[in-house]
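There are 4 protein chains.
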Amino acid sequence: MDFSFGCALAYRLQAPTPFVFNIEAAGCGGQDVRDEKLALTPDVPVERWTMPESGNRYLRAVAGPGEFRVGYTGVASLRPRLEDPGAVGEVPPGELPFEVYTHLYPSRYCQSDRLERFARRTFGGAPPGHGRVGAVCNWIREHVDYAAGTSDASTSALDTMVQRAGVCRDFVHLAVALCRALGIPARYVSAYAWRLDPADFHAAMEVWLQGPEGGAWYMHDPTRMSAPEGVVRIGVGRDASEVAFASPFSAFEADPPRVWIAGPEGADAPSTTRAVRYGG
Amino acid sequence: MDFSFGCALAYRLQAPTPFVFNIEAAGCGGQDVRDEKLALTPDVPVERWTMPESGNRYLRAVAGPGEFRVGYTGVASLRPRLEDPGAVGEVPPGELPFEVYTHLYPSRYCQSDRLERFARRTFGGAPPGHGRVGAVCNWIREHVDYAAGTSDASTSALDTMVQRAGVCRDFVHLAVALCRALGIPARYVSAYAWRLDPADFHAAMEVWLQGPEGGAWYMHDPTRMSAPEGVVRIGVGRDASEVAFASPFSAFEADPPRVWIAGPEGADAPSTTRAVRYGG
Amino acid sequence: MDFSFGCALAYRLQAPTPFVFNIEAAGCGGQDVRDEKLALTPDVPVERWTMPESGNRYLRAVAGPGEFRVGYTGVASLRPRLEDPGAVGEVPPGELPFEVYTHLYPSRYCQSDRLERFARRTFGGAPPGHGRVGAVCNWIREHVDYAAGTSDASTSALDTMVQRAGVCRDFVHLAVALCRALGIPARYVSAYAWRLDPADFHAAMEVWLQGPEGGAWYMHDPTRMSAPEGVVRIGVGRDASEVAFASPFSAFEADPPRVWIAGPEGADAPSTTRAVRYGG
Amino acid sequence: MDFSFGCALAYRLQAPTPFVFNIEAAGCGGQDVRDEKLALTPDVPVERWTMPESGNRYLRAVAGPGEFRVGYTGVASLRPRLEDPGAVGEVPPGELPFEVYTHLYPSRYCQSDRLERFARRTFGGAPPGHGRVGAVCNWIREHVDYAAGTSDASTSALDTMVQRAGVCRDFVHLAVALCRALGIPARYVSAYAWRLDPADFHAAMEVWLQGPEGGAWYMHDPTRMSAPEGVVRIGVGRDASEVAFASPFSAFEADPPRVWIAGPEGADAPSTTRAVRYGG
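Chains as they are written, first to last, in our numbering: chain W, 6 to 285; chain R, 6 to 285; chain V, 6 to 285; chain X, 6 to 285.
Don't read these hints as lab results, they were simulated from the structure. Hints may be right or wrong, so weigh each one.
[What the hints assert, rightly or not] Some but not every residue of chain V turned toward chain R, in silico, with C-beta under 8 Å:
hint, residue
1, A20
2, V25
3, N27
4, P50
5, W54
6, V67
7, P98
8, Y110
9, P111
10, S112
11, Q116
12, D118
13, R119
14, F123
15, T155
16, S159
[Stated by the list, open to error] Listed next, the stretches of chain W that the computed footprint assigns to chain R, with coverage defined by at least 3 CB atoms under 8 Å from CB atoms of chain R:
hint, segment
17, 119-129
18, 157-168
The beta carbon of each residue, even a glycine, is placed where N, CA and C say it ideally should be.
Full structure from sequences and hints, please.
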């Protein structure tokens, strides 16, 4: 299915300000991106880099003083595989591919080391694999309020565990931390997310599970606000600290970002009864 | 019912060391203490003070260098009122006696201010009063493991909320924090606790509720390891920081304290189906 | 010296709302209050209580729905004793009056138990007593930025230790925690504070030291923004959680409080070279 | 200079237990490793993987039930460049190579985002580059006690900032967090460290600075207990969570690891007045 998406960012700068952006759709499995347009106003030079281990695409530019606008649009063909959840199990930690261990470790906002007992107690009895991750996401939706203004840039999974409120970033941090605490590699995904209303940069989660064709990253949205088969991935990382959409290295003023995504007209409502993966 | 109880403490001291002890049974409602014996070896002088707002009895002595032993025994007649739980409700926060407000505030180990949303979500639907406090205690017993060695002197209710393990002190800190978060005044009780096995200094909780005869402090043991009608109170306070059984103001070595309590022979097993209060 | 002071509070309420106020000047040593006027609009009935162990005066009223205004004015004669700082020493913890131990304990916002090593390392070499407390306050002023908007109601002394910014409440929480960590009893004081600019409810600290005439509570303003000899005390407590100027027990909207205090015309600028105490 | 080093690990296992080890010296710049011997008893099969972005070498084996021993020895030729500290400056964050940004982000044990104000206040005036990093390390040595038993596996840079005690791991976590807070990329290094006494797995830090020949990772030991020119690197990562020397995925008992390293006889005492880098 094809999705067209994009964002518009606007800054007011006092001085020359270097920016790193992570707004372009990633070049990763199951996601082909085309017809991209990047417009910078003024049209300053751009450096580019793609992170080998993640496929994240980073842009760097120096702008200011004055107004600085960034516009980006693209079209992505997503090829999600929809699989029988009961056929998607767990890989024992001792048999994981070496390159995914990094997503078992605790990180700044996902202190999985302190949640092991809770995770085992609460989800230890769930069916392994897609079922257990679904139980984690369901638990979060049932026990945490989605409420803007209840969290900030320093809020971590432990805070959300105590305070029981947050936004998509916080939901994902807690979900990632709980999956890691259960021995399931989990990573944070920033995305253009279909059917999210209102549209915005969104956060989702991928977990490494064993599907019918082998190990793969499976997509979950712990907020259940978007459709897993319509997630155009921008960046993946240990947590939000690694995939900020914009990192200005100087003081700045910004308008709220404008974000949009459109999917195929007349497409069915997404199903939540299938396991969804993009890669391999 | 009469309970005989006591403790034996032993220290090895390098230098003259001032101690404050809070080991004597408190002079508080529903609890008459007699036949007390305090033996200090060597027999150093003792200063005494009873805290007006709590009835806690404090001893102070300076001992050392050398060995220092403290032995204390007493007999308490407890007159617990066993009431119909359904008749024990809540006092609206705006109608509480002024002197109990202090037990609504957050304290070092009971950060109730950060648990309000969780508490309302989880216990908001429970029957007000004794039922709601019982729901809090039941939740803790179901969701927290009683396990020695999982917590230390800096462990707070928030840590226990995350880590889901602790000992009596931690169970009570979390229970106190949750009750305060619900608008129910709650205080920490240190005690000689009947039927606790093995015997030790124990922690319990009193909450201010509205009984058939008016407002009173009702006793709960969130660990369910002792009998609420056999709790000989030593000290009450905001949390464990206020009722340490011994506070030495210098370096020391100590043996583990020995603690004992004996109730009436042939007494029935305690009931957990009644609301228990001691005071006025 | 005489100070006239007061405050004006304004609320918009959706429903009948109980309030506890702690805005009246306390009846405590060295502070005589007269000519007080309390005006509630509408003129709802008031309950009053004075806390025996602190002298704090609490008011309770139920107001709403609708607008609710509280106005309070008074005149206080302060009799601060200005003493030679070098003559104000420390009381060894083993010799403190029993009733001040409570201000050695850690509290919600003043986790002194975790700051002991830092406190001893940093202030262990300072002259005992007033000198050491002055060193604590100086350290805070030098190492913490006074900056509105950098802290909130859950900010504690540990947060301020890490983040190095806060307002008067945070400065006092850190100062209180450090004094307790040094074995010096310390309490939080809410006050009408002379020369504070702009006027507002202010936070200061009292520490228990040994003066020429015996043990007493000595006043410090860790922000150095007010004059210690012009502090009209409203409430004293373990930390800010115990002396909120207003505690509404329901949803409310409020204007920012208006606060004022005027001292003797032509009075000299306050001295910071003297130890200041009010009590006995 | 050549260094011979190794370790011996011994486990008692109840069941078949997968292990991931990170004990082999890394294949990274300025460090040539030869004559390696790995002996597993019993001699179970081994899987190997080298992480592309770090050069860390990981081993995986399944052993047990029963006793399991791992012995490893090797010889490394280190080619540290000793440079004039004054010629080693900082790279402005907006000009860093893209691949080092990951070491600017906060991580589980290095919450740099909360230490920015402290870092700027304290080290903002130090000479940029090697001088500033040296100031960070000196500050830590002066303000934090090296003391075994004062920290544990959950201790983070914020805890050490408050508690002012720790071991090499804690020193490095705080140093890494402060460098990142200053805009200097910093990573955690596990190592066989020459002159460390007693020998053990050690922690050190590398920071990305601008030397006479370009950007490079410069070695620092915030504990000053080892010689920066004799650090045989095992693993580099965001913090200790990424470079554990052994990760058993099941219950186990272990002896303390034995670790050794020997440098050239008669070598001069290491100098702390030079900037040391290995790479590039």
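Cross-check of the supplied hints:
no. : hint    : in the structure
1   : A20     : 11 Å, violated
2   : V25     : 7 Å, holds
3   : N27     : 10 Å, violated
4   : P50     : 13 Å, violated
5   : W54     : 4 Å, holds
6   : V67     : 6 Å, holds
7   : P98     : 5 Å, holds
8   : Y110    : 4 Å, holds
9   : P111    : 4 Å, holds
10  : S112    : 5 Å, holds
11  : Q116    : 6 Å, holds
12  : D118    : 6 Å, holds
13  : R119    : 6 Å, holds
14  : F123    : 14 Å, violated
15  : T155    : 19 Å, violated
16  : S159    : 6 Å, holds
17  : 119-129 : holds (count 5)
18  : 157-168 : holds (count 4)
In this structure, the earlier hints numbered 1, 3, 4, 14, 15 are contradicted, and the remaining ones agree with it.
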